[in-house]
Amino acid sequence: MHLLAQVPFLAQLATEEARLQHQYEFLSYGLTAAWVILAVYVQMMIRRERKLKREIASLRAMLEEKHGE
Amino acid sequence: MREKILYILGAAAIAILVWNINAIARLPEETRQGVTFKIIFFHVPVAIGAVTAACVSFLASAGFLITRNFKFDAAAVASTEVGLAFLAANLVTGSIWGREIWGIWWTWDARLTSALVCWLLYAGYLMLRQAIEEPTQRATFAAVFSIFAFLDVPIVVFSIKWWRTQHPQPVFWAGGSFPPDWTRHLMWNMAAMLMLGIVMTAVRYRQEEAQREIDSLRRMAHAI
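Line by line, the protein sequences are chains F and W. Going by numbering that gives the first Met the number 0, the first sequence opens with residue 0, and the numbers climb by one from there. Going by numbering that gives the first Met the number 0, the second sequence opens with residue 0, and the numbers climb by one from there.
Same shape as in the complex, but just chain W (with noise of 0.2 Å):
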């Protein structure tokens, strides 16, 4: 029953975002920036999603230190890896429109190296589980190093706000105006990449309980 919703979460979120490719390709061209304009209707999305990835991983590895429960150790990864993905896919639609609307694909501002220190971090964060084979290091080890991780989060999320940045101020808490019918199409892509992140998530924890599954049954067949 469970598998059956997610599969549907699934569909749907493609189905969400299938329909509005083709509702963002009919919108007019921005006065400025022209067609390039419209990555941001996925540029966003992915962005919100890496932050609400993060969010949860932070909390899941609280939870595993406060409880030793491997259930928030096993949500902490699942999240953590679509984060990852998340970001991934945000770094490079970014850098595909700078190369259009500044004319260089990358710089080292605040908010693009924060953003990228993020990645690293939590790449280094599943690199780190990787290295540590004892479950509950592992677990804590990772735990610690997420909690830490996550201090850059808040530097990425204000980094336009604290600091001269080459980035655009965000459209929607700095006074900045977007017509109603594009937020519409923003907000859809924003609840789709959220719906397939919850999939995502969703389909990996139950791949790190398979793996614990895996690692009690190799242990029982040492044992017998």
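Chain F with its partners taken away, still in its complex shape (with noise of 0.2 Å):
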């Protein structure tokens, strides 16, 4: 009798279970999608500060090339 009395119970808690889990699953997705953001958009300016700094030093070689000759 005890042990039936606890099923319901069992079943309750897995319900349970699997809506924190659901609930865990859209939390995660969200602070995932913020953090995907903000990251992609560091990598962006990373590689443009890389392109900007490319771009100044073949500048200034090509002027002190032009200005030797």
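Since the hints were made in silico from the structure, they are not lab data. Keep in mind the model is a prediction, meaning the values are calculated, not measured. One or more of the hints may lead you astray.
[As the list claims (entries may be wrong)] Below, a list of computed lysine to aspartate or glutamate pairs in the EDC-like style, where the Cα atoms sit at most 16 Å apart:
no. : chain 1 : residue 1 : chain 2 : residue 2
1   : W       : Lys70     : W       : Glu212
2   : W       : Lys70     : W       : Glu207
3   : W       : Lys70     : W       : Asp214
4   : F       : Lys52     : W       : Glu208
5   : F       : Lys50     : W       : Asp214
6   : F       : Lys52     : W       : Glu212
7   : F       : Lys50     : W       : Glu208
8   : F       : Lys52     : W       : Glu207
9   : F       : Lys50     : W       : Glu207
10  : W       : Lys70     : W       : Asp180
11  : W       : Lys160    : W       : Asp108
12  : F       : Lys50     : W       : Glu212
13  : F       : Lys52     : W       : Asp214
Please dock the two separately framed chains into a single complex, following the hints provided.
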């Protein structure tokens, strides 16, 4: 009798666990999305920084070369 | 020295955010929305960051039109770009929250629509800059457009007050309550996001200055 009474409780526990798991899944989607968007933007800035530095260096080298001539 | 300060500020912001994720995960569930409610700890700080960036962009654009100093133009484009990234994060986190709580990814509600329009306007600002080559003309047109785009910001902020919307009312200025412990974590995240926004804007500002240097070097190369 005691064991049988526990069954609905276990079922309720399983439902609660599934609900929590589902909610945590959405929470993790939210947090991941926020971090990914910011990380992608930072990555874009790093790339742009490198490109700008390369461009400045090549233009300076070109100008020095022209001055030398 | 300035670079070091920026790196320290950025590292501190990331450290606060990582520490806070851990602390937020341990907070109890919200009564009605459960665990999903915790998205607010990122959704609101990125929104505050986006609004702050829009205000900076507005002031910088007005500053450029008054002084014709290109430093203001650089500040405007830097803060607009960072604000756009923050607003994108805000829209996406809000949509994920809405899917779980409302059962839909998107609704054409006043707050959501005005925020999307705001994102499109600022994306248009960046596209406009790409389309004009002459620096003074580009900066002037962009500044005027930025001031026009800023008109949407108060609409986004106050839309939940002015119209009946599906979006929840603000927790702090609409008589809502938030446990002090939760408020502390939200404030930490806001501070961290603002710090991150400052670092990103400063880096982007420096890049814009570098771009100006490239333009002048090119002009010199053509002149020789």
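The hints, checked one at a time:
no.: 1; hint: W:Lys70 with W:Glu212; result: 12 Å, holds
no.: 2; hint: W:Lys70 with W:Glu207; result: 9 Å, holds
no.: 3; hint: W:Lys70 with W:Asp214; result: 15 Å, holds
no.: 4; hint: F:Lys52 with W:Glu208; result: 12 Å, holds
no.: 5; hint: F:Lys50 with W:Asp214; result: 14 Å, holds
no.: 6; hint: F:Lys52 with W:Glu212; result: 11 Å, holds
no.: 7; hint: F:Lys50 with W:Glu208; result: 14 Å, holds
no.: 8; hint: F:Lys52 with W:Glu207; result: 12 Å, holds
no.: 9; hint: F:Lys50 with W:Glu207; result: 12 Å, holds
no.: 10; hint: W:Lys70 with W:Asp180; result: 41 Å, violated
no.: 11; hint: W:Lys160 with W:Asp108; result: 13 Å, holds
no.: 12; hint: F:Lys50 with W:Glu212; result: 13 Å, holds
no.: 13; hint: F:Lys52 with W:Asp214; result: 13 Å, holds
In terms of the numbered hints stated before, the structure departs from hint 10 and from no other.
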